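S.K.: Taking this note's numbering, the leading residue of the sequence shown gets 155, the next gets one more, and so forth.
Honestly, I wouldn't trust all of these hints.
[Stated by the list, open to error] Taking CB as the label site, the calculated pair distances span:
1) Ser156 with Trp186: 34 to 44 Å
2) Tyr200 with Lys176: 32 to 42 Å
3) Tyr200 with Gln157: 15 to 25 Å
4) Ala210 with Ile169: 18 to 28 Å
[Said to hold, decoys possible] Taking lysine to any residue and the SDA-like style, the derived pairs with C-alpha atoms no more than 20 Å apart in a straight line are:
5) Lys176 with Lys187
6) Lys160 with Lys187
7) Lys213 with Asn159
8) Lys187 with Ile169
9) Lys160 with Ser205
10) Lys160 with Ala170
11) Lys213 with Ser156
If you are wondering where the hints come from, they were derived from the structure by calculation, not from laboratory data. What you are looking at is a predicted structure, and each value in this text was computed from that prediction instead of being measured. We put the beta carbon where it would ideally sit given N, CA and C, even for glycine.
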Amino acid sequence: MSQYNKTVRMLFGVIAFLLFSKVSIMLGTTGWKDVCFLIGCYLFLYFFIFSLIDSAVGKISSFHQEYNKENIKKPFLKNFIG
Numbered sequence: 155m156s157q158y159n160k161t162v163r164m165l166f167g168v169i170a171f172l173l174f175s176k177v178s179i180m181l182g183t184t185g186w187k188d189v190c191f192l193i194g195c196y197l198f199l200y201f202f203i204f205s206l207i208d209s210a211v212g213k214i215s216s217f218h219q220e221y222n223k224e225n226i227k228k229p230f231l232k233n234f235i236g
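Model the full structure from these sequences, guided by the hints.
M.R.: If you want it as structure tokens, here you go:
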């Protein structure tokens, strides 16, 4: 997934949370107030938090792949002894 796509998903999560929070405030003291707020929280978690985790995992895995490629080229005994 591209970085642009992850950013758009994160932005959508924030906007959806704010929208459903606003709707839950407008509903007042009905039972739908809690439902709208919980839907907003779910969308925030799904789009913002999971996209943030996905981008962090992608950066970590690419770092380890690049670092391991550099170390595979080096002879073992040369690094072990000296």
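S.K.: Take the hints in turn and mark each one as holding or not.
M.R.: Verification of the supplied hints:
no. : hint                           : in the structure
1   : Ser156 with Trp186: 34 to 44 Å : holds (37 Å)
2   : Tyr200 with Lys176: 32 to 42 Å : violated (19 Å)
3   : Tyr200 with Gln157: 15 to 25 Å : holds (19 Å)
4   : Ala210 with Ile169: 18 to 28 Å : holds (22 Å)
5   : Lys176 with Lys187             : holds (10 Å)
6   : Lys160 with Lys187             : violated (29 Å)
7   : Lys213 with Asn159             : holds (15 Å)
8   : Lys187 with Ile169             : holds (18 Å)
9   : Lys160 with Ser205             : holds (6 Å)
10  : Lys160 with Ala170             : holds (15 Å)
11  : Lys213 with Ser156             : holds (12 Å)
Violated hints, listed in ascending order, are 2, 6; each of the other numbered hints is respected by the structure.
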